[in-house]
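*Asks:* So the protein lines, in turn, are chains Y and B. Per our numbering: the first sequence = residues 3 to 819. Per our numbering: the second sequence = residues 174 to 442.
None of these hints come from the bench; they were simulated from the model. Computed from a predicted structure; not experimentally measured. It cannot be assumed that every hint is accurate.
Below are the DMTMM-like pairs computed for lysine to aspartate or glutamate, each with C-alpha atoms no more than 25 Å apart in a straight line [unchecked claim]: (1) Lys298/Y with Asp388/Y; (2) Lys397/B with Asp500/Y; (3) Lys343/B with Asp286/Y; (4) Lys298/Y with Glu794/Y; (5) Lys397/B with Glu735/Y; (6) Lys343/B with Glu735/Y; (7) Lys520/Y with Glu136/Y; (8) Lys589/Y with Asp500/Y; (9) Lys504/Y with Glu642/Y.
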Amino acid sequence: MMQMLLKFKTESMPVRLMVLILLTSFHNLCAQSGLKGIVRDSSSLESLPFANILVLETSKVAVTNSDGYFVLINCPAGGFSIKVSYIGYSTDTFTISRKEILSNDLIRIYLKPSVKELNGVRIKADVDMLKVSENEIGLVTISPQHLAQLPSAGEADIFRSLQMLPGITAANDGESGLYVRGGTPDQNLILFDGMTIYHVDHFFGFFSAFNADAIKNIQFYKGVFPAEYGGRVSSVVDITGKTGNSSKTKLSGGLNLLSANICIETPIKKAGSFILAARRSYTDFLRSDIYKKIYKITTGGGSATKGPGSSSVTGGSQTGSIQSARSQPDFYFYDLNAKLTLHPSKYDVIGLSFYNGKDNLDNSQDFTDLSLQDDEDKAVNLSTTDINKWGNLGVSTKWAHQWNSKIFTDFMVSYSRYFSTFDKTRNMSEIITSGDTSGSGYSLVSSTFEDNLVKDYSARFGVTYNVNENNLVKLGIWNSSFRSVYDYTLDDTLSLLDLSSKGNLTAVYVQDKYELNKFMILGGVRASFYNNTHKIKLEPRVSISYKITSELAIKGAFGLFNQYVIRIVNENVSEGSRDFWLLTENKLKPVSSSQFDLGISYETDAFLVSVEGYYKKMQHLVEFTRRFNNFSDNSDFFFEGSGISKGLEFLLQKKSGDLSGWITYMLCNARKKFAVYNSGHSFPSDEDRRHELKNVLKYNLGNWTFANTTVFSTGKPYTAAQSQYYIDLLNGERANYLHVGLKNEQRLPSYFRLDISASYEIKLKLFSIETGLSLFNLTNHKNIWRREYNLETFPVVINDVQTLGLTPTLFINFKTF
Amino acid sequence: MKLFAKMIVILPLFLVQCEDNSLITPDYQGIVIQGYLYEGEPVTQIRITETLPIGDTSSSIPPINDAVVTLMKGDTIFELSPTLGDSGYYHYDGDDLVISESDLFTLKVSYFGIDAFGSTSVPPAPKNAALTDTVLYIPETMDFDFDSTKHEIKVNWDIDTNAMYFVYIKNVEVNPERVNTRIPPRGLPGRMVEMPMNQNFYPILFEDITHYGLHRVRIYRINKEYVDLYISRNQNTRELNEPLTNIVNGLGVFSAFNHTDLFFNAISE
Numbered sequence: 003m004m005q006m007l008l009k010f011k012t013e014s015m016p017v018r019l020m021v022l023i024l025l026t027s028f029h030n031l032c033a034q035s036g037l038k039g040i041v042r043d044s045s046s047l048e049s050l051p052f053a054n055i056l057v058l059e060t061s062k063v064a065v066t067n068s069d070g071y072f073v074l075i076n077c078p079a080g081g082f083s084i085k086v087s088y089i090g091y092s093t094d095t096f097t098i099s100r101k102e103i104l105s106n107d108l109i110r111i112y113l114k115p116s117v118k119e120l121n122g123v124r125i126k127a128d129v130d131m132l133k134v135s136e137n138e139i140g141l142v143t144i145s146p147q148h149l150a151q152l153p154s155a156g157e158a159d160i161f162r163s164l165q166m167l168p169g170i171t172a173a174n175d176g177e178s179g180l181y182v183r184g185g186t187p188d189q190n191l192i193l194f195d196g197m198t199i200y201h202v203d204h205f206f207g208f209f210s211a212f213n214a215d216a217i218k219n220i221q222f223y224k225g226v227f228p229a230e231y232g233g234r235v236s237s238v239v240d241i242t243g244k245t246g247n248s249s250k251t252k253l254s255g256g257l258n259l260l261s262a263n264i265c266i267e268t269p270i271k272k273a274g275s276f277i278l279a280a281r282r283s284y285t286d287f288l289r290s291d292i293y294k295k296i297y298k299i300t301t302g303g304g305s306a307t308k309g310p311g312s313s314s315v316t317g318g319s320q321t322g323s324i325q326s327a328r329s330q331p332d333f334y335f336y337d338l339n340a341k342l343t344l345h346p347s348k349y350d351v352i353g354l355s356f357y358n359g360k361d362n363l364d365n366s367q368d369f370t371d372l373s374l375q376d377d378e379d380k381a382v383n384l385s386t387t388d389i390n391k392w393g394n395l396g397v398s399t400k401w402a403h404q405w406n407s408k409i410f411t412d413f414m415v416s417y418s419r420y421f422s423t424f425d426k427t428r429n430m431s432e433i434i435t436s437g438d439t440s441g442s443g444y445s446l447v448s449s450t451f452e453d454n455l456v457k458d459y460s461a462r463f464g465v466t467y468n469v470n471e472n473n474l475v476k477l478g479i480w481n482s483s484f485r486s487v488y489d490y491t492l493d494d495t496l497s498l499l500d501l502s503s504k505g506n507l508t509a510v511y512v513q514d515k516y517e518l519n520k521f522m523i524l525g526g527v528r529a530s531f532y533n534n535t536h537k538i539k540l541e542p543r544v545s546i547s548y549k550i551t552s553e554l555a556i557k558g559a560f561g562l563f564n565q566y567v568i569r570i571v572n573e574n575v576s577e578g579s580r581d582f583w584l585l586t587e588n589k590l591k592p593v594s595s596s597q598f599d600l601g602i603s604y605e606t607d608a609f610l611v612s613v614e615g616y617y618k619k620m621q622h623l624v625e626f627t628r629r630f631n632n633f634s635d636n637s638d639f640f641f642e643g644s645g646i647s648k649g650l651e652f653l654l655q656k657k658s659g660d661l662s663g664w665i666t667y668m669l670c671n672a673r674k675k676f677a678v679y680n681s682g683h684s685f686p687s688d689e690d691r692r693h694e695l696k697n698v699l700k701y702n703l704g705n706w707t708f709a710n711t712t713v714f715s716t717g718k719p720y721t722a723a724q725s726q727y728y729i730d731l732l733n734g735e736r737a738n739y740l741h742v743g744l745k746n747e748q749r750l751p752s753y754f755r756l757d758i759s760a761s762y763e764i765k766l767k768l769f770s771i772e773t774g775l776s777l778f779n780l781t782n783h784k785n786i787w788r789r790e791y792n793l794e795t796f797p798v799v800i801n802d803v804q805t806l807g808l809t810p811t812l813f814i815n816f817k818t819f
Numbered sequence: 174m175k176l177f178a179k180m181i182v183i184l185p186l187f188l189v190q191c192e193d194n195s196l197i198t199p200d201y202q203g204i205v206i207q208g209y210l211y212e213g214e215p216v217t218q219i220r221i222t223e224t225l226p227i228g229d230t231s232s233s234i235p236p237i238n239d240a241v242v243t244l245m246k247g248d249t250i251f252e253l254s255p256t257l258g259d260s261g262y263y264h265y266d267g268d269d270l271v272i273s274e275s276d277l278f279t280l281k282v283s284y285f286g287i288d289a290f291g292s293t294s295v296p297p298a299p300k301n302a303a304l305t306d307t308v309l310y311i312p313e314t315m316d317f318d319f320d321s322t323k324h325e326i327k328v329n330w331d332i333d334t335n336a337m338y339f340v341y342i343k344n345v346e347v348n349p350e351r352v353n354t355r356i357p358p359r360g361l362p363g364r365m366v367e368m369p370m371n372q373n374f375y376p377i378l379f380e381d382i383t384h385y386g387l388h389r390v391r392i393y394r395i396n397k398e399y400v401d402l403y404i405s406r407n408q409n410t411r412e413l414n415e416p417l418t419n420i421v422n423g424l425g426v427f428s429a430f431n432h433t434d435l436f437f438n439a440i441s442e
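Chain B on its own, in the form it takes in the complex:
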């Protein structure tokens, strides 16, 4: 029995040896960047915020208005200014910063000794985009013969291998008249969106239209970092994983877009 007792004392040594219990420091520093650059447009869509701790009941995330935010284009550094109000948005005041196709940008946010940064390049605009028609007829009643040349238009563009696109359709009338037929529209009022896709066309059906009038079809060419963010938005909460991000020392996204606009009219048949 003495030996038995000794063995019981010795055996726990198994558990003590060689354990990797080194303290792991999270690399997260609490800065969230929502940075969007649009080809040919001024820089206004840079938003810096903090994260909100789990358990906090605030309905919005706290903005960071006093960070040092710089945008680097090649060797040139542009310092961004906070936009008025407590929004966390930053913009560039001068007119010497032009966002052009293939430009490479790095955004750096310095806050409380932490430098968070991300890089992106401006993609080319979708090429040879065209609509099959500029008028889409909305039937008033159910008694109609579906005609794909009247009740459906298609937007086409040239596709680059592995390139991703995003189509966003919006009614641009000031006070558009709501479609009021016996055929219910299935889109969202005034706008219609599609998920990022790797294809060279998108069909617009009359059922998608909720309001009459002029509509803008914006075809975005989007970068991988935005696609990553998009597909990360449905986190599986049974097995949590960090959303994909291209921000180092922070969270969120910094991405550039290019787009082509087309227009069509939705009218009653």
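Isolated chain Y (complex conformation):
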């Protein structure tokens, strides 16, 4: 039979290899037996995903899955000891007795989190904040609770903290998006409890849309990621939400200068747990200085106080007065996480997760009873509707089952919806209010409307099969149905773009992690069929590591990737976040990339030194611009190009202790090539930062926690104006123009930012309070975000828009025990 199967005809060598590995693996299926277990938090009883279990007698290592389960195969029959470690938790050693082995029951391991106890003594973790994988290159595990203690501008933000990792660009105050190894934020697969989140920003990108209180674990693949993931070309951020406290009801919350949040966790008898976390800004009714600062930077304006002079009511000898006006922009954001976790049996997990986040900016202005020429017989109304909304809604449900010591299955169904709406309508009307013609008048309306919608219905089924102590196989199927809509209309009737499409992506994958002594190989292949292109794409992935000594390891990886839903950067607008998502098809081809990583690391119990290099090549990148086409022809606004990104990342980490943190240096070269730019020559991409030096430090002193982050980097590339001129138009108007230099030819000045924070935790009998101060940009360094030109005057006036200066943030958090 094996020979027959080996005749399976395929031109792909990786597929043949995988089939062979699978056959070998299943051959051994019944030959082994194993020990099942689960790792949990000792107080909340939350399961701990991706914890490390080391069998001391054999030096074999197992890792818990996303539900905290693990399997040990071929363990010493007479009993043995395991050392269990998890980021942010105290490493502990447990003895497994012969009796426990023979009972074949689920072993429960409880780890203590790194916290200060009532007596002020801190339980220390062996690894704080960040854990770099020993085997898989580019994989880091992050402890959200510890990372959230870093300094912030307004909000504790997980994604902004992720920007402090090597390989991720941090030198951009205005964006919490992750620019990973020369990629763009839309090229990252963001999974929250399995559901794909398409737009992860609050406040025009200033904050990420994830509440740190609702997150348990983040697995971040910043390079070649395994075959079980797909649909993106740069990285994977796999976020596991908290399941909630299974032992008792707990309440926590916090307040800062922008928002308030609350989180409640409660057990559901002995069957499971429930967690509800909500965060909302109060910026629509209480506007702090930090809100005003951020609003001004992100939107390019402050509070609007436009008078009638800026409207179409001009000329003559009018004297205008505003009787009533609402001109203060309303802005708020919120996010809501809810998760129900049930354990029908000790081997089953059923989870239902809900996520909703939304931003709403209403900059509408309504001038009523605008009197002109002191005419009391008519009412002039000038109103501007200016509403910008965007948000995500996601639901996922899953059933995971540990069938036996070898097989674990995971079935998930999810729905994700992203929307954004921009509606700007200007309406002016004159109504006669007395006399025979009372009620008559006229109105003038002009409008711009943009609407974007992405829906993603996904279902996936995965099988994890522990072949033996050295061999772990995963295989699965993943199906996603997409729908995208983008509509751009002027004056209600003139449709500039109306793009609507549907697509279905079916992917199957198989991967095998094989460890033999000092050698580890994780190989796999993902095959995807996308109905809009009617093509099957094979994506082989392989990651290899070899331990030269117990401390020194070399690693390498290679992979091919494809992306079918892409975000288009709308470069023709200047207000807010109006990028849009679209499905690819035959004309707008799926983005593809190939990546090669190589690295070396030296790790002791206390320190890690790591160097990783990468080379990433991207095809079918898309730029959207209306600059190169007749505006009466809407079909060709999209331009295709390619990109190359390569770099080196150095990391020195002190993993634990009262003082922990890291220093990282990144050398990067990210370039793109589009025929329409720079005569077809390549140019630095927006994400290119040639040098970036960062550090993260955290120091615990009794009840105090001090933290510092520093970023120093090459300035961002930008397209500069070279000269200016004007042309007299037919109507006598003089129009000013800028002659533009080569695309991204210039760079803004170097970026520097030093942030610090201090927090103090008070333990009371029933609850604890943590309060603190964060100082963002302590040195008040004048970093330039972008360079703008005022074309209303000649010569044009250059305006450097600066990022946040020194910005203090106060916060207070509480949690019950």
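Since chain Y is already given, all that's left is putting chain B on it; use the hints.
*Replies:* Just chain B now, kept in the frame of chain Y:
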């Protein structure tokens, strides 16, 4: 540790290989052309200037008065002369150059060894243009019944597919009397303009009129290069792109226009 050190030395080679850092020379040569040809009119509206560097505080762009400027119509070459004064304008002195519908012209500007040129053709005039009335009544007070036959006139013309038009209304009286009603006009004093459009009518409302008297309605048929220039005038300074131009080796526009004129009177009701 020795191996670790070696790897650190080897890895930077990643960044050195295969980089496209070839020096890119901008194709821009610094000449700005504002060249307009009007059907049936002499050639006077050709202006040649330089660009002004960013950071220069001059309030005008430097004119080029000593360029060699030629206009080619088919195989015939017409050399243009600088107009008197330091204006950068050029004109054609003879009377043998006629701008007619469908003529194809190429403008060439030679300056300091650089040849900048652009081409255009003379579009047809809008056909069958007509006003719905030749008198527009301006009410003096708010107490009036709006009557579309009196308080609004419409200009119509035949439209060609994908053709673009531009309407320009101007009061042509020598000393026009300003409209002085309790209804404020919303147009610009003495003239009213519209953006390029692809439609066959344009309504003129009494509120658009700022002065009494005779008004000229000029309906231009315009070419794509002018539309491109028009829509490029609001450059987004966050993401700069070059304004659209039909000038090779330079900037600006060279375009031809054709038009039809109509007239109406604005009088007090």
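*Asks:* Can you list which hints this structure breaks, lowest number first?
*Replies:* 3
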